[in-house]
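There are 2 protein chains.
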Amino acid sequence: MTNPPAPHSPSSTELDHSAEVLGIGGHLAPETDQQSYRKRMQRRQDIQRQRVGERDKEKGLILVFTGHGKGKTTAALGLALRTLGHGEHVAVVQFIKGSWQPGEAKALKVFGDALSWHAFGEGFTWTTQDRERDQQLVSKAWQQALIYLHSNTHKLVVLDEVNVAMKLGYLKVEEVLGGITERPPLTHVALTGRGAPKELIERADLVTEMTLVHHPFKEQGVKAQAGIEF
Amino acid sequence: MTNPPAPHSPSSTELDHSAEVLGIGGHLAPETDQQSYRKRMQRRQDIQRQRVGERDKEKGLILVFTGHGKGKTTAALGLALRTLGHGEHVAVVQFIKGSWQPGEAKALKVFGDALSWHAFGEGFTWTTQDRERDQQLVSKAWQQALIYLHSNTHKLVVLDEVNVAMKLGYLKVEEVLGGITERPPLTHVALTGRGAPKELIERADLVTEMTLVHHPFKEQGVKAQAGIEF
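Note that the protein sequences, when read in sequence, are chains A and B. Here the first sequence is numbered in numbering that gives the first Met the number 0, starting from 0 and rising by one per residue. Here the second sequence is numbered in numbering that gives the first Met the number 0, starting from 0 and rising by one per residue.
Be aware that a few hints might be false.
Any copy will do: because identical chains look the same in the list, a pair fits if it lies in one copy or spans two.
[As the list claims (entries may be wrong)] Taking lysine-lysine and the DSSO-like style, the derived pairs with C-alpha atoms no more than 27 Å apart in a straight line are:
hint, residue 1, residue 2
1, 58, 105
2, 38, 139
3, 139, 56
4, 56, 105
5, 105, 139
6, 58, 197
7, 56, 38
8, 197, 108
9, 197, 171
10, 38, 108
11, 171, 139
12, 197, 139
13, 171, 58
14, 197, 56
15, 108, 139
16, 38, 58
Please keep in mind that the hints were generated in silico from the structure rather than gathered at the bench. Given the structure is predicted, the values throughout are model-derived calculations rather than measurements.
Construct the entire structure; sequences and hints are all you get.
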């Protein structure tokens with residue numbers, strides 16, 4: 000729930016409006032002299048400080064990366080990297096995976112024990128061609144995920160492609176919501192993959208949809224390349 | 000340009016259609032027995048092989064991550080990580096940056112010489128309050144970027160927040176297009192930041208727009224947290 004704003008302090012919406020009116024500066028600002036430009040940006044900075052001051056709660060977040068665009072898993076790995084950079088531990092559980100050797104996993108070995116990486120899944124559904132086997136591996140992945148979600152040893156738990164596992168009917172959304180709800184209050188969890196269910200989207204703290212604006216790989220006949228797609 | 004398909008081979012659009020009709024399997028497939036399920040997935044696999052077989056060109060790609068959602072820089076860093084995992088060198092040039100110490104940079108030190116990291120920019124426009132200084136730093140960043148773009152020593156060059164530098168009027172889109180066009184044919188370049196100019200989007204090989212679906216941080220009063228926002 001939102002705390003009521005302190006008396007006479009501008010609301011979050013008022014701050015947003017003032018920030019928008021002042022703009023983001025650079026050559027988008029109308030001033031031609033440094034003195035009046037500085038004045039505008041000082042006012043903008045005051046507003047930014049008030050905006051940040053309003054946000055003082057620390058909590059573990061539910062982050063969802065979904066959509067048909069590129070960058071869902073890579074964005075989650077970027078979060079992992081940041082978290083490792085702050086000296087925290089990270090666990091990654093991959094639910095569904097193509098048969099390519101992921102470049103990420105090789106690179107991440109340099110982090111040693113700070114990063115735990117579990118690749119379940121033996122390939123796409125058209126590679127395995129076996130629902131029972133897929134189901135077993137998803138269940139194993141989920142059991143592994145629950146261990147991390149409940150242990151309080153890892154600051155961030157990445158459930159990679161878990162949205163696809165739910166979409167394929169191998170994992171119930173209620174089960175996932177139950178598992179992530181029971182985690183320690185400061186643990187972040189990132190869930191990736193196309194087709195995130197709406198119950199998850201409603202529960203999440205941050206949902207980013209990756210939209211494919213332009214992808215002429217196919218038309219150009221460009222093959223999947225190391226570093227970009229695997 | 001697209002090569003004409005071999006005679007009698009199905010077109011890319013036909014393959015897409017067949018793939019869609021067969022579906023992605025799992026419990027979304029209607030079959031109740033393993034034998035007919037396997038048959039469906041074998042047909043899907045044949046199509047996947049034809050789809051991949053169509054794509055045989057290797058080329059350096061122009062990748063753009065833009066939009067108001069989270070994950071633009073992190074997606075580019077995920078690509079960096081993959082590229083490093085394949086034993087290649089990566090250069091990151093940051094054009095505009097907040098004054099927070101980026102967690103990513105700390106974590107990436109473990110890669111040593113394989114990763115070159117250059118942070119230009121001394122903060123947001125409302126922190127610096129000085130267009131001339133901003134301009135100087137953007138120009139320096141661009142000079143540094145050009146060195147990497149033209150050297151053929153780095154498989155991937157990340158131009159972080161370069162879209163914002165263009166939007167603020169500190170860097171001309173023609174200059175950026177010129178610089179990236181002259182790079183070696185197998186070098187990938189990733190450009191991040193809100194407001195990618197349309198000339199860049201038209202030239203890019205892959206554009207992902209990060210859309211903010213749901214972001215109740217502000218309403219919840221949750222502060223910027225280590226690993227998530229810095």
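To see whether the hints hold, each was checked on the structure:
1. For a Cα distance limit of 27 Å, the shortest separation of residue 58 from residue 105 across copies, 23 Å, qualifies, whereas the shortest one inside one copy, 31 Å, does not.
2. For the homomeric pair residue 38 and residue 139, the shortest alpha-carbon distance between copies (26 Å) is at most 27 Å, but the shortest distance inside one copy (59 Å) is not.
3. Neither within a single protomer nor between protomers do residue 139 and residue 56 lie at most 27 Å apart by alpha-carbon distance, with minima of 34 Å and 38 Å respectively.
4. Taking identical chains as interchangeable, the C-alpha atoms of residue 56 and residue 105 lie at most 27 Å apart only when they sit on different chains, with a minimum of 25 Å there against 36 Å within one chain.
5. Only within a single protomer do residue 105 and residue 139 lie at most 27 Å apart by alpha-carbon distance; the minimum there is 22 Å, versus 33 Å between protomers.
6. With identical chains, the CA atoms of residue 58 and residue 197 are at most 27 Å apart within one copy only, with a shortest distance of 22 Å there and 38 Å across copies.
7. For the identical chains of this complex, residue 56 and residue 38 are neighbours neither inside a copy (31 Å) nor across copies (53 Å), given an alpha-carbon limit of 27 Å.
8. With identical chains, the CA atoms of residue 197 and residue 108 are never at most 27 Å apart, being 35 Å at best within one copy and 39 Å at best between copies.
9. Taking CA atoms no more than 27 Å apart as the test, residue 197 paired with residue 171 passes inside one copy only; the shortest distance there is 13 Å, against 41 Å between copies.
10. Proximity of residue 38 and residue 108 under a CA criterion of 27 Å is satisfied in neither setting, with 49 Å inside one chain copy and 38 Å between copies.
11. For the identical chains of this complex, residue 171 and residue 139 are intra-copy neighbours only, at 14 Å inside a copy versus 52 Å across copies, given an alpha-carbon limit of 27 Å.
12. Only within a single protomer do residue 197 and residue 139 lie at most 27 Å apart by alpha-carbon distance; the minimum there is 24 Å, versus 45 Å between protomers.
13. For a Cα distance limit of 27 Å, the shortest separation of residue 171 from residue 58 inside one copy, 25 Å, qualifies, whereas the shortest one across copies, 41 Å, does not.
14. In the homo-oligomer, the alpha carbons of residue 197 and residue 56 lie at most 27 Å apart inside one protomer (26 Å), although the nearest pairing across protomers, at 38 Å, exceeds that limit.
15. Within a single copy, residue 108 and residue 139 get their C-alpha atoms as close as 22 Å, which meets the 27 Å cut-off; across copies the closest is 34 Å, which misses it.
16. In the homo-oligomer, the alpha carbons of residue 38 and residue 58 never lie at most 27 Å apart, since the shortest distance is 36 Å inside one protomer and 48 Å across protomers.
Violated hints, in rising order: 3, 7, 8, 10, 16; the structure is consistent with all others.
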